[in-house]
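Assemble the whole structure, with the sequences as input and the hints as a guide.
Chains E and L supply the protein sequences, listed in that same order. Under the numbering used here, the very last position in the first sequence is 282; numbers go up by exactly one each time. Under the numbering used here, the very last position in the second sequence is 692; numbers go up by exactly one each time.
Treat the hints with caution; some may be incorrect.
A short list of chain E residues far from chain L (calculated; beta carbon distances all over 10 Å) [stated by the list, open to error]:
no.	residue
1	LEU21
2	ARG58
3	PHE75
4	GLN143
5	ASP176
6	ASP182
7	GLU198
8	LYS210
9	ASN225
10	LYS274
Chain E stretches covered by chain L per the calculated footprint, using a threshold of three residues with CB under 8 Å from any CB of chain L [stated by the list, open to error]:
no.	region
11	92 to 105
12	108 to 120
13	145 to 153
14	259 to 272
Hint data in this document are derived by calculation from the structure and do not stem from the laboratory. By construction, the Cβ of each residue, glycine as well, lies at the ideal position given by its N, Cα and C atoms.
One-letter residues, chain by chain:
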Amino acid sequence: MSIQNLIMNLQKFWADQGCYLAQPYDLEVGAGTMTPDTFFRVLDKKPWKVAYVQPSRRPTDGRYGDNPHRVQKHFQYQVIIKPSPPDIQQVYIKSLVSLGINVQEHDLRFDEDDWESPSIGAWGVGWQVLLDGLEITQFTYFQQAGGIDLSPVPVELTYGLERLEMFLEGKDDIYDLDWSHDVSYQDLRYVEEKEFSEYNFSQADIRGLKESFRLNEREAQQLINKDLLLPAYDMCLKCSHFFNLLDSRGAISVTERVKMIAQIRTLVSQIAQKYTAREDSA
Amino acid sequence: MEFLLEVFTEEMPPSHVKAALSQLEEKFEEELLSKNIDAKKVEIHGTCRRLIIFGDLAPKQKDRKEEIIGPPKAVAFQDDGTPAPAAKGFAKSQGVNVNELEVIKTDKGEYLGVKKIEKGKPTQNILSEILPALISSLSFPKMMRWGSSSFRFSRPIKNILCLFNEKHLSFSVGGITAGNSTYGHKLHCPKKIKVKTFREYKATLKKMRVVVNQEERRRMILSQVERKLASLKAECYPDEDLLERLSFDVEYPYVFLGSFPEDYLNLPIEILSTAMREGQRLFSVVKDKKQLPLFLGVADGYRDVKSLIQKGNERVLKARLEDAKFFWTQDQKSGLKDRAKNLGKIVFQEKLGSYEDKTQRLKKIVAYLADKVDAQKTKKQVVQGAELSKVDLLTEMVREFPSLQGKVGGLYAREEGYPAPAWKAVYEHYEPVSLEDESPSSLTGSILSIADKLDSIVGAVGVGVLVTGSKDPFGLRRNAQGICKVVLDKKFNFSFSRLLDKVIDVYGAKIREPENQVKKYCLEFFANRLRYIYESQGYRYDLVNAAISAGIENIYHSLLRVKALDSLKESPNFEPLILIFKRVNNILRDQPLFRINSGLFVEKDERELYTTFCIVRDNVLPLIKKGDFSQAQKIIFRIKSSINNFFDNVLVMANEMRIRRNRLALLQAINRLLIQVADYSQVVIEGQNASK
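Structure follows, in structure tokens:
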């Protein structure tokens, strides 16, 4: 099964479970959790079911295309269901079966792994799902986002598409994966990994990034004051990405790091609070 | 009658299961006791998905007899023998007829009263009442909510099975209604089953690939491990924590053997075994203490027909080892000294600055300590160790395997050719991580271990972190216990209070709390940790108190004091002397300090006591200094007959003030000598309450 078949399978499976299929968000994010389809929609009280592929960037994970399983951009398949259904574990297992995995021939384990993202004030409780020792999914019951207790509680499933595909194809090198029957991961991503690693670690303009962080941070605050919460949140995502780039450039001192994370968290908390107030009174 | 409760959940972490099982046992037995239900047996079992109580309970509560005392018999009857208004009123208030009142004999005489028997309720009714509260009261290291409910537990509850005398009890908790069914293994047999008895429950679940008892699962793991390794004549590298974890992690253990390419054996064994243990939770396999390119894993199931589990794990492990090998060579491309320049970039503690700051402090503290524990010879190397101790926090290897901190730095230092005392200092300085763990083997590692931990404690206390009850966010207790353990294991003889002064001084302005309070808090904190350590070693609590109240100026001496008290506690002289010492202590309470004037002793027995005291003191003081408290105590006990005669024949509180003060001064001098050995007033003598 190629990656695109894997994606189509998951799309079909989760659409059948009643999920709306979102398209990837068009800004750089570190994880599917950070996109508005998750961040905003988990805050309010309304039921919500969504599934989508999200390219996720972690600049410090870049390895110039040299490492068989570490990349600065990978693809997550993100599912959010609120409230968490009582049979979600079984449904998740069924999704693996739908990919042709005979779970009775494998060791499928739900291994304690709580998740936390300080910059968006979010944490949850759950597991990393291990298939014969390979982590294929992060399974989380969201408890808080933007510093706010979530009720009802959403469940978040994040499949690592490359990991899962390496399992399905039985391959040890990410670049050997098939995206389609005649296009490989190497064809699509190798040059990108090489060039972005160079950019992330050596070329990204430190002064420019710091300046951009400052400008976007300021703009976010102005937008919050005008109750333009979605644009304000975009600014926070941009800040977060600039921060990650600065980090991979090794350009952040101890005190700056603490300060910058706190700056983003403060903005995000304000957005979350205003958003819930608005939704709850609507 | 048989009782069975199973709380069935999504996968709970092993630490949660353990916490829940011990709470269940304790709380359930408490409830039975308070509800007067006899139990012939209570057993606790559990897996990562099940918390189970099995019991053999009485069918109903014991009847409760109650006596309610009314008016005295003397006033309860009128002259003509008919009940007086007092008796009538009492009968009415109790809802009984006045002629049902009985005479009850008490210490104060005869009274009228009623004897009531409250019939015990059926156990099943009581159970339905207490179980919801019992289940909701379980507390876990971290709790969660799920769905639309505000109920909190370790992980979502899926089902509750509850049987008493083969019938199911009905109650609800966390949105789940108890019933008479449960489920088999999640993948291999997820069917729902109904059961009536514990025997049936256990047997059916076993067929459905669930072994409910943790000990049994553990035995299954061990016997399978043995079978797998028998032909290889190899051994599984013992890892008790991992074994315990795995015996909770799976419902039906299946052990598989896998291998990895031999060239990874070039990696140090510490790194290999950590790569195996963390992430995939694999055991290392060793032969004649040498690592083999093999591992053992425990799967949750009963077979691996196509060896898919084994092959999958081999692939994942190979990738991890490949990473480790990459880090091992990559990290060594820049030397530790060079890397140390970036220590300023990582935070040690927000208010206490960076690891660069910490490194500078450690260098000063170890240099000081090396002089105090006769380690001048390796002073240079321990300072070198301190300088490198935190550098590995900047390596890829520690970023990948945080539990290898210290060890990685030590290994890199060894590779770079640092002398053994220096690299071992780095390697061992996080040890011991608990009281069960070993202390560092090297002198330099011991010194750096103490310095590192004390720096963390003093720093945290200095910025106002206090340890209370279950709150200890910085692990200060564990650090303090680690220091105590090293000092005691290594028999280090030095002034703890001066070491504290040194550390406080090295911190300088970073300490925000008043220095004398920081020191006082630390001393008290360490005294409590030592109490805990000695008591858990089995020493009597009052002897421990007596030893520690004498001060912990020298930590090692506090142990010698406890041992001295312990060794003499059986001596026939012990109790009488303690009583005399307590008497001295009581007489002196609230007295101001007086000075001895030997010319003022008038009675023979007081002169004799003074002479004996002087001899004893001159002999004992050098012994105290040496820490030979056993011998010191033996000599002190020679004061017994003199002090007895003194109390028998001399009036301490003489009318003439000069004489009285002089006698008090003598007792004070004796007391001052005693307190240097132990605070005997803390010793509890049978039949006498501790005078506190």
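Taking the hints in turn, this is what the structure says about them:
With a minimum CB-CB distance of about 24 Å to chain L, LEU21/E clears the 10 Å threshold, and the non-interface call stands. Under the 10 Å C-beta cut-off, the non-interface status given to ARG58/E relative to chain L holds; the minimum distance is some 13 Å. For PHE75/E, the shortest C-beta to C-beta distance to chain L comes to about 19 Å, beyond the 10 Å cut-off, and the non-interface label holds. Separation of GLN143/E from chain L is inadequate, the least Cβ-Cβ distance of about 6 Å not exceeding the 10 Å criterion.
ASP176/E, annotated as away from the interface, keeps every beta carbon of chain L farther than 10 Å; the closest lies near 13 Å. With a closest Cβ-Cβ approach of about 26 Å to chain L, ASP182/E is found to remain outside the 10 Å limit, as its non-interface label requires. Here GLU198/E stays apart from chain L, with its beta-carbon at least about 17 Å from theirs, past the 10 Å limit. Residue-level check passed: LYS210/E sits 16 Å from the nearest beta carbon of chain L, beyond 10 Å.
Against chain L, the non-interface label of ASN225/E holds: every CB pair exceeds 10 Å, the least being about 29 Å. LYS274/E, annotated as away from the interface, keeps every beta carbon of chain L farther than 10 Å; the closest lies near 24 Å. By the rule of at least three residues with a Cβ nearer than 8 Å to a Cβ of chain L, the coverage given for the region 92 to 105 of chain E holds, with 4 such residues. As drawn, the region 108 to 120 of chain E meets chain L at 6 residues by the rule of a beta-carbon pair under 8 Å; at three or more, the given contact holds.
For the region 145 to 153 of chain E, the stated coverage by chain L is satisfied: 3 residues place a CB nearer than 8 Å to a CB of that chain, which reaches the threshold of 3. Three residues within the 8 Å Cβ limit are the bar, and the region 259 to 272 of chain E against chain L gives 0, so the coverage statement is violated.
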